[in-house]
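Sequential numbering of the sequence shown, starting at 13, is according to the working numbering.
These are calculated hints, taken from the structure and not from any lab test. Here the structure is a predicted model, which is why all the values come from computation and not from measurement. Keep in mind that the hints are not guaranteed to be accurate.
[Said to hold, decoys possible] Computed spacing ranges between beta-carbons, pair by pair:
id : residue 1 : residue 2 : range
1  : A254      : I35       : 21 to 27 Å
2  : I35       : L169      : 21 to 27 Å
3  : L36       : D157      : 23 to 29 Å
4  : S32       : M290      : 42 to 48 Å
5  : H159      : I188      : 27 to 33 Å
6  : L20       : A63       : 41 to 47 Å
7  : D239      : P283      : 46 to 52 Å
[Claimed, not checked] Straight-line alpha carbon distances no greater than 30 Å define the calculated DSS-like cross-link-like pairs of lysine-lysine that follow:
id : residue 1 : residue 2
8  : K193      : K125
9  : K54       : K278
10 : K162      : K54
11 : K54       : K125
12 : K125      : K278
13 : K278      : K199
We put the beta carbon where it would ideally sit given N, CA and C, even for glycine.
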Amino acid sequence: SLGEIPSLFPDVPINSAFLSLFILGAIAHYALFHYNLRRSLKFLFSAATSAFCITRIIATILRMAWAGSPDRITLAIATEIFIYAGSAILIITNLFWTVRFVRAQHPHFGWSKSFSSWLPLWLVICSIALLCLMVSIPAEAYLLDPHAQKAARQLQLFGAAIFAVSALLPILILTISAIAKTHPSLKDLPSDHFGQSTLTHKLLLILTTSILLSIGAVFRAATIFIDPPSTSTSTPWYLTRAPFYIFNFTLDFLLTTLFLLLRVDKHLLIPNAAHGPMSYGV
């Protein structure tokens, strides 16, 4: 599997370092959520990011425990489940930010029924995809029947593909939205400005987040879509420790740190009761 079976060295020191960083991240994002809440500003994404850091805290602890008991397959399963569950939080958060941007740049289209309906439907698909991943991981480990193994792999492929698409989707939507705004019939229509930056800055912020999320999600999906190597061959480079820590924990910490340093709450915060065209800038 991605990241190999951990050992006491180097995995425990590496995971200890990430554990400390994610504890700090969870505290900082939760403190920021309460800071805004005391000012009657609900930026739930700070709480969601804190929850994401908690999933990474659990994943690092489980991986260290697995290093101490490499034969405990339950620890391996739990680690993998928490890694996928955590990634889903940030990917879904980014989808909400994308919808928020489109509604600001194209208020009437963004709040139309046709555009507003896609996100709830996609969230249902993402929930099914996450369930498929969570079911397929223990099934692949415990069910030895070839048909069950094939079914588990199909579920895993479906789940990984959906989250890779979900990570890439904002890039497509934001690009179309920005290009559409240059059309002569749309460029002079008013936008719903909100937060402490221009829409261009918000576009660059969400695009940066989308690219970083896509790198991790696409890499994880690619390692699943490639046929698993036989036990008689050496571990391929993409399943070794370095890619695991780079495309998971390192990218994750980079994203959560960027959220804090750039204060995304200031850029993407909207009024609590915002609903309908031109309600963000009220």
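Status of the hints after comparison with the structure:
1. A254 - I35: 21 to 27 Å: holds, 23 Å
2. I35 - L169: 21 to 27 Å: violated, 34 Å
3. L36 - D157: 23 to 29 Å: The hinted range 23 to 29 Å is violated for L36 and D157, with Cβ atoms some 45 Å apart.
4. S32 - M290: 42 to 48 Å: holds, 45 Å
5. H159 - I188: 27 to 33 Å: violated, 42 Å
6. L20 - A63: 41 to 47 Å: violated, 29 Å
7. D239 - P283: 46 to 52 Å: holds, 51 Å
8. K193 - K125: holds, 20 Å
9. K54 - K278: holds, 12 Å
10. K162 - K54: Violated: K162 and K54 sit about 45 Å apart, past 30 Å.
11. K54 - K125: holds, 25 Å
12. K125 - K278: holds, 28 Å
13. K278 - K199: At roughly 25 Å apart (the allowed maximum being 30 Å), K199 and K278 satisfy the hint.
Violation of the numbered hints given earlier is confined to hints 2, 3, 5, 6 and 10; the remaining hints are satisfied by the structure.
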